[in-house]
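Colleague: Numbering-wise (our numbering), the sequence shown opens with residue 1474 and increments by one.
Please note: incorrect hints may appear among the correct ones.
Listed next, the in silico DSS-like pairs over lysine-lysine satisfying Cα-Cα at most 27 Å (straight line) [claimed, not checked]:
| id | residue 1 | residue 2 |
| --- | --- | --- |
| 1 | 1693 | 1682 |
| 2 | 1651 | 1672 |
| 3 | 1533 | 1618 |
So the derived label-pair ranges between C-beta atoms look like this [as the list claims (entries may be wrong)]:
| id | residue 1 | residue 2 | range |
| --- | --- | --- | --- |
| 4 | 1631 | 1478 | 35 to 45 Å |
| 5 | 1668 | 1579 | 15 to 25 Å |
| 6 | 1606 | 1662 | 35 to 45 Å |
| 7 | 1563 | 1522 | 13 to 23 Å |
| 8 | 1640 | 1662 | 40 to 50 Å |
| 9 | 1579 | 1514 | 19 to 29 Å |
| 10 | 1566 | 1617 | 23 to 33 Å |
| 11 | 1621 | 1693 | 42 to 52 Å |
| 12 | 1617 | 1549 | 35 to 45 Å |
| 13 | 1528 | 1497 | 30 to 40 Å |
| 14 | 1549 | 1686 | 32 to 42 Å |
Hints listed in this document are in silico derivations from the structure and should not be mistaken for laboratory results.
Backbone N, C-alpha and C define an ideal beta-carbon position, used for all residues, glycine too.
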Amino acid sequence: MNTEIILNYLAELSANNEREWYHAHKKENKEATARFEELLQELIYGIGAFDESVLRNVPKELTFKLVRDTRFSRDKSPYNPSFRAHISSMGKLPIPVGYYIMIKPNGGTFLGGGLFADMFSEATAMVRDYIAAHPDEWSAIIDDKQFKSYFTVNGTSLKNVPAAYSKEHPQAEYLKYKSWYLEYFVSDQEVLNAEEFLKKAVEVFKAMKPFNDFLNRALKDFKMPAR
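Make the full structure from the sequences, and use the hints.
Modeller: This is the structure in C-alpha cells:
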C-alpha cells in the first residue's frame, strides 16, 4: 500500500489541472487509483472490526469522480485533485451516514462523517426531531472526552431556532443546524506513512461511530429521492 503514489499524482494534477495533461497521464491515474482502492479495502476491514455493516462494500464502488461540474462555478478547472470515498452500509450514498475519506495534498486530507446533505430537507427535519426528543443522548455523544479530542460538530446553520422547537431547548443551538458533520484533518506527512495513517483512520472512525449511529437512528425511515 503506497500512499506516496497517491499524493504525488494528485499534486501533479493540481499543478496541471487541464484535460490535456490528465489524458496524457492515464497510466499514473490508473496506478494511483489502484493504490487508493487498496487503502479503501484495508479501511473496510479495519472499520468492519467494529461496524460489520460495511464489510460487503467493494472499494471501486465507493469512490467519486475527479471530474468537476463547472457549469455553475467561476472556477472552471476540470478536475478536483483529490481521491474521495464514502463507506457505509449502503455504499457511497449520503444516507445512511458512514465514514468519509478525502486525500488531497497540501493539508487537504481529512476523515469525515455525519450528514453533509443540506439538500435533503426531510433528512434535516428527521435529525432535528430526533435531537429534540433525545437531548441527553446527543449530549452524551458530543461531550464524550474521546469524541471531543478528535471532533467538533460542524454544519450550516440557521440564525434562529426553527419555530417548531423551543428556544429554551437544551440542544437549541444544534436544532438550528441543517447538517451535522465531523472532520479530522491529516497532514501529508502522516498520509505518507501508510500503515500509521491506516491505523489512525480506523481509530478516528471508531470514535465517530456513536455519532453516526445516532444520526442513522434518526434517519432510519428516510428514503432517497427517486432520480
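Colleague: Run every hint past the structure and note whether it holds.
Modeller: Consistency of the hints with the structure:
A C-alpha spacing of about 16 Å is found between residue 1693 and residue 1682, which places the hinted pair at or below 27 Å, so the restraint holds. Between residue 1651 and residue 1672 the alpha-carbon distance is near 32 Å, which puts this suggested pair outside the 27 Å criterion. Distance hint between residue 1533 and residue 1618 is unfulfilled; the C-alpha atoms sit about 35 Å from each other, more than 27 Å. In this structure, residue 1631 and residue 1478 meet the distance hint of 35 to 45 Å, their C-beta atoms being roughly 43 Å apart.
The beta-carbon spacing between residue 1668 and residue 1579, approximately 22 Å, falls within the hinted interval of 15 to 25 Å. Range check, residue 1606 to residue 1662: about 44 Å between beta-carbon atoms, so the 35 to 45 Å window is met. The supplied range of 13 to 23 Å is met by residue 1563 and residue 1522, whose beta-carbon atoms lie about 20 Å from each other. Between residue 1640 and residue 1662, the C-beta spacing of about 45 Å keeps the proposed range 40 to 50 Å intact.
For the hinted restraint 19 to 29 Å between residue 1579 and residue 1514, the CB-CB distance of approximately 26 Å keeps it satisfied. Between residue 1566 and residue 1617 the beta carbon distance is about 27 Å. The supplied range of 23 to 33 Å therefore holds. Restraint check, residue 1621 to residue 1693: a C-beta distance of roughly 26 Å breaks the suggested window 42 to 52 Å. The hint said 35 to 45 Å for the Cβ distance between residue 1617 and residue 1549, and at roughly 44 Å that hint holds.
Between residue 1528 and residue 1497 the beta carbon distance is about 38 Å. The supplied range of 30 to 40 Å therefore holds. Between residue 1549 and residue 1686 the beta carbons are some 40 Å apart, a value that agrees with the proposed interval 32 to 42 Å.
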